[in-house]
Amino acid sequence: MILIKTEDRKSFSQYHYDNGAVITHFYTSTIYFHNRVRVMYEKAHKQFTYTTVHSRDFAYLQEEMMPLPDFTLCGEDQLFQYSLLYDVDVLLPIQMEIKEINKSR
51 MILIKTEDRK SFSQYHYDNG AVITHFYTST IYFHNRVRVM YEKAHKQFTY
101 TTVHSRDFAY LQEEMMPLPD FTLCGEDQLF QYSLLYDVDV LLPIQMEIKE
151 INKSR
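The opening residue of the sequence shown carries number 51 in this note's numbering; numbering runs sequentially from there.
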């Protein structure tokens, strides 16, 4: 993911990437969205959640959000085990980018 554009608004910031992904940073959460994958980091709970989007109805999406382990804290053995359940190769760079944005804000 290569950052190509940043937009700062009054209540949020958006980061646009070369692959079409967008990360929106709010005061309370940070949300990654690209194609059908949505990853959200809630600052209050320090918890990642994710979903594969099938509908644009936000209420529907809230029901589908599932907890996601923080892969950035895992060793190589744990990452291998999680790779049997999750697409770690896709989700780990997303989590790293979200954490980098949260650190800088």
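Check before you lean on any hint, since a few could be wrong.
Said to hold, decoys possible - Heads up, simulated SDA-like pairs for lysine to any residue below, C-alpha to C-alpha not over 25 Å straight-line: (1) Lys-60 to Lys-93; (2) Lys-149 to Phe-130; (3) Lys-55 to Leu-135; (4) Lys-149 to Leu-123; (5) Lys-60 to Ile-151; (6) Lys-55 to Pro-117; (7) Lys-149 to His-95; (8) Lys-96 to Ser-61; (9) Lys-93 to Leu-53; (10) Lys-153 to Leu-134; (11) Lys-153 to Gln-97; (12) Lys-153 to Val-140; (13) Lys-153 to Met-90; (14) Lys-93 to Leu-123; (15) Lys-153 to Gln-64; (16) Lys-60 to Val-140; (17) Lys-55 to Phe-130; (18) Lys-93 to Thr-78; (19) Lys-55 to Val-87; (20) Lys-96 to His-84; (21) Lys-55 to His-95; (22) Lys-60 to Leu-123; (23) Lys-149 to Ser-61.
Calculated from the structure, these hints are not laboratory results.
Status of the hints after comparison with the structure:
Proximity of Lys-60 to Lys-93 is assessed by CA-CA distance (about 19 Å); at most 25 Å being required, the pair is judged to hold. At most 25 Å may separate the alpha-carbon atoms for a hinted pair to count; Lys-149 and Phe-130 meet this at roughly 21 Å. With a CA separation close to 33 Å, the supplied pair Lys-55 and Leu-135 exceeds the 25 Å bound. With a C-alpha separation of about 11 Å, the suggested pair Lys-149 and Leu-123 falls inside the 25 Å cut-off, and the hint holds.
Proposed proximity of Lys-60 and Ile-151 is supported: the alpha carbons are some 17 Å apart, at most 25 Å. For the hint linking Lys-55 to Pro-117, the alpha-carbon distance of about 29 Å lies beyond 25 Å, and the restraint is violated. Between Lys-149 and His-95 the alpha-carbon distance is near 14 Å, which keeps this suggested pair within the 25 Å criterion. Taking the CA atoms of Lys-96 and Ser-61, the gap is near 20 Å; set against the 25 Å cutoff, the hint holds.
Note on Lys-93 and Leu-53: the hinted pairing holds, with a Cα-Cα distance of about 22 Å set against a maximum of 25 Å. Distance hint between Lys-153 and Leu-134 is unfulfilled; the C-alpha atoms sit about 29 Å from each other, more than 25 Å. Between Lys-153 and Gln-97 the alpha-carbon distance is near 15 Å, which keeps this suggested pair within the 25 Å criterion. Only pairs whose Cα atoms come within 25 Å are accepted, and Lys-153 paired with Val-140 is accepted, the gap being roughly 21 Å.
A threshold of 25 Å between alpha carbons decides the hint, and for Lys-153 with Met-90 the separation of about 15 Å falls inside it, so the pair holds. A distance of roughly 16 Å separates the Cα atoms of Lys-93 and Leu-123; the hinted pair therefore holds under the 25 Å criterion. A C-alpha spacing of about 15 Å is found between Lys-153 and Gln-64, which places the hinted pair at or below 25 Å, so the restraint holds. Among the hinted pairs, Lys-60 with Val-140 is inconsistent with the structure: their alpha-carbon atoms are about 30 Å apart, more than 25 Å.
Pair hint Lys-55 plus Phe-130 does not hold up; C-alpha atoms about 33 Å apart against a cutoff of 25 Å. Under the criterion of a C-alpha separation no larger than 25 Å, the hint pairing Lys-93 with Thr-78 is consistent with the structure, at around 6 Å. Between Lys-55 and Val-87, the direct Cα distance comes to roughly 20 Å. Compliance with the 25 Å bound is thereby established for this hinted pair. Using a Cα cut-off of 25 Å, the hinted pair Lys-96 and His-84 holds, with the two alpha carbons roughly 22 Å apart.
For the given pair, Lys-55 sits about 29 Å from His-95 by alpha-carbon distance, which is inconsistent with the 25 Å threshold. For a cut-off of 25 Å, the pair hint linking Lys-60 to Leu-123 is broken: about 32 Å separates their Cα positions. Annotation: proposed proximity of Lys-149 to Ser-61 holds, straight-line Cα distance about 19 Å (limit 25 Å).
In summary, the numbered hints that this structure violates are 3, 6, 10, 16, 17, 21 and 22.
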